[in-house]
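Protein chains in written order, with the numbering used here: chain X, 1 to 313; chain A, 314 to 626.
It is possible that some hints are incorrect.
Far from chain X, by Cβ distances over 10 Å, these chain A residues were calculated [stated by the list, open to error]:
hint, residue
1, Glu322
2, Gly342
3, Asp441
4, Ala462
5, Cys470
6, Phe492
7, Gln546
8, Ala571
9, Gly601
10, Glu609
11, Asp617
Footprint (simulated), chain A over chain X, 3 or more residues, beta carbon under 8 Å [unchecked claim]:
hint, stretch
12, 133-144
13, 159-170
14, 190-199
Derived from the structure by calculation, the hints contain no laboratory data. We put the beta carbon where it would ideally sit given N, CA and C, even for glycine.
Number of protein chains: 2
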Amino acid sequence: MQTLSDIGESEIIRRITAGLESSGEVVTGPGDDCAVIRPAGSGDCDWVLTSDPVIENRHFTRDADFAQIGHKAIARTLSDIAAMGADPAWALINIVAPADLPVDDLETLNASMQATASREGMLIIGGDVSQGPELQVHVFGIGRCPTGAAVLRSGACVGDRLYVTGELGGSQLRHHLCFQPRIAEGRFLRDWATAMLDLSDGLATDSHHLAEQSKVGLRLNLSAIPIGPDADQLYDDHSPLYHALTDGEDFELLFCIAADRCAAFDAAWAETMKLPCCAIGEITDAAGRVVTVDAEGQAKPLSDEGFQHFRAR
Amino acid sequence: MQTLSDIGESEIIRRITAGLESSGEVVTGPGDDCAVIRPAGSGDCDWVLTSDPVIENRHFTRDADFAQIGHKAIARTLSDIAAMGADPAWALINIVAPADLPVDDLETLNASMQATASREGMLIIGGDVSQGPELQVHVFGIGRCPTGAAVLRSGACVGDRLYVTGELGGSQLRHHLCFQPRIAEGRFLRDWATAMLDLSDGLATDSHHLAEQSKVGLRLNLSAIPIGPDADQLYDDHSPLYHALTDGEDFELLFCIAADRCAAFDAAWAETMKLPCCAIGEITDAAGRVVTVDAEGQAKPLSDEGFQHFRAR
Chain X
1 MQTLSDIGES EIIRRITAGL ESSGEVVTGP GDDCAVIRPA GSGDCDWVLT
51 SDPVIENRHF TRDADFAQIG HKAIARTLSD IAAMGADPAW ALINIVAPAD
101 LPVDDLETLN ASMQATASRE GMLIIGGDVS QGPELQVHVF GIGRCPTGAA
151 VLRSGACVGD RLYVTGELGG SQLRHHLCFQ PRIAEGRFLR DWATAMLDLS
201 DGLATDSHHL AEQSKVGLRL NLSAIPIGPD ADQLYDDHSP LYHALTDGED
251 FELLFCIAAD RCAAFDAAWA ETMKLPCCAI GEITDAAGRV VTVDAEGQAK
301 PLSDEGFQHF RAR
Chain A
314 MQTLSDIGES EIIRRITAGL ESSGEVVTGP GDDCAVIRPA GSGDCDWVLT
364 SDPVIENRHF TRDADFAQIG HKAIARTLSD IAAMGADPAW ALINIVAPAD
414 LPVDDLETLN ASMQATASRE GMLIIGGDVS QGPELQVHVF GIGRCPTGAA
464 VLRSGACVGD RLYVTGELGG SQLRHHLCFQ PRIAEGRFLR DWATAMLDLS
514 DGLATDSHHL AEQSKVGLRL NLSAIPIGPD ADQLYDDHSP LYHALTDGED
564 FELLFCIAAD RCAAFDAAWA ETMKLPCCAI GEITDAAGRV VTVDAEGQAK
614 PLSDEGFQHF RAR
């Protein structure tokens, strides 16, 4: 009898989304960072919708700071909204908690969720609390953007330059609990990017997501990848570059800019944004293929290994 | 150290919603069956938003039919949308499942969710799958209705008649897994009801919710309460009437009609709806108090006992 761990997350998602119906109001269904809808008569605005869980022993352990767990729950959702270039608007939150959870911990978690949401202009307007064996927080987030402005994963064109914000790797040391969702950057990018997503599964896996959704190939210049200081602090057998390529939960933005707009984009970004971003590769016509090129010009295919739920690593 | 079981669900909700911010676009925040928003420039439509979990060993046991679990997950959300008098539109679904869950069970669950959603015109447009110790399904539902038409819990007026659809009690025998959300009835009632909610915690508890939100009192005529056949099949010490009053998960609609419209309402309902509904009481000016009146005219206060998460019963 086949179980979920036999088939893995990608195949699970393929199966449960296979029969889904759609309608003219659905711009983008499952497969992007958010679904995008354009309700009839809704004026000059598209809506983006996303739902993200944080689950004890998967996304955090009980010894984590409850303020950080609350921050992460909201920030994951904000990061998905940022990856569409949208503005956060509303959230509903389902909390599942064991009956023996100290009230103080719940209040710390909750205050942190409210603070992070408030800082980014997202109102918490509903939810549910239920009892369960482990702490889980499920955040349902809604954002909005001008009609047609949402940046999808499917918009990359051959010749576009590939960029990433910030630095990558080593997120599990601390970054995954205290990262800043790239809301301002995403909003800026909706006027520039042809395609965008947030790095939640790791650059290697998420590059494949971009390639698949846009039906293009990617070439990553290894020497250009911005490696964060924590990627060198993990004391395992892997290089910092390996961590930057494969670690999940960076929550930086990976996006594409048309080649003929790159000079103007670089100048506009430098003038407007504090956070650095850098060009790390190009879009190619080798549909679905991701290759890395090292400093000597040697090209190698990059597998989509990275974080997958359900599969043993 | 105080834990969640020490303070119980109502107090937990009071604490986590205490500091929430709002805005002019939020018609109704936490405390109703759905939140209601009226986005600037959104045309002639209000949006209702709700999130409901179904959790293993709380809302079902693993020996339940996976098709029924899937149905219940979607139907709970549909019931909340019905209780606003709104039309279902979209849903996102977070599934948390153990790695050893058979793929066939997940596919059965999923097919059932799609079938129930499709039957009521709700499109599933996104979600997430994650690994966790027990099966949980969190459904985020969105509905819509004409601007200002959503029926809130807070609209009951002194003198209104109190009605309920269908029959109550004994839901845990089978009804809680196969109930039909009252979408058509809710849509019909948005032109009639002054206040409405769905019975999820049980008539006793939910009557108090209505009284509190509307700042009125309720008088329930015990002999008028429609008792379902399953309320008599539980083989415990309690009467069928006790079960009809206190059992949770009836998912029928409890609503108020202005006294001077009752004759017209009764006629319109009888002509349009197949499901029976009946008048079971009145709205009084004894704010926050619920009393029952028996066949001899004897009045007694009704406590708000019913299902409360976290508290031992």
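Quick rundown of the hints versus the structure:
1. Here glutamate 322/A does not stay apart from chain X, with its beta-carbon only about 6 Å from theirs, under the 10 Å limit.
2. Not every CB of chain X lies more than 10 Å from the CB of glycine 342/A, the least distance being 5 Å, so the non-interface label is violated.
3. A beta-carbon of chain X comes within 10 Å of the beta-carbon of aspartate 441/A; the shortest separation is about 6 Å.
4. The claim that alanine 462/A is not at the interface with chain X holds, since no C-beta of that chain comes within 10 Å of its own (minimum 15 Å).
5. Every CB of chain X lies more than 10 Å from the CB of cysteine 470/A, the least distance being 25 Å, so the non-interface label holds.
6. Against the 10 Å criterion, phenylalanine 492/A stays outside the reach of chain X, whose nearest CB is about 18 Å from its own CB.
7. At roughly 27 Å from the closest C-beta of chain X, the C-beta of glutamine 546/A stays outside 10 Å, upholding its exclusion from the interface.
8. With a closest Cβ-Cβ approach of about 28 Å to chain X, alanine 571/A is found to remain outside the 10 Å limit, as its non-interface label requires.
9. Look at glycine 601/A: its CB is around 23 Å from the nearest CB on chain X, clear of 10 Å, so calling it non-interface holds up.
10. Glutamate 609/A, annotated as away from the interface, keeps every beta carbon of chain X farther than 10 Å; the closest lies near 40 Å.
11. Against chain X, the non-interface label of aspartate 617/A holds: every CB pair exceeds 10 Å, the least being about 17 Å.
12. Using a Cβ-Cβ cut-off of 8 Å, 7 residues of the stretch 133-144 of chain X lie near chain A, which meets the minimum of three, so the contact claim holds.
13. Counting residues of the stretch 159-170 of chain X whose beta carbon lies closer than 8 Å to any beta carbon of chain A gives 0, which falls below the threshold of three, so the coverage claim is violated.
14. Only residues whose beta carbon comes within less than 8 Å of a beta carbon in chain A count, and the stretch 190-199 of chain X has 0; fewer than three means the coverage is violated.
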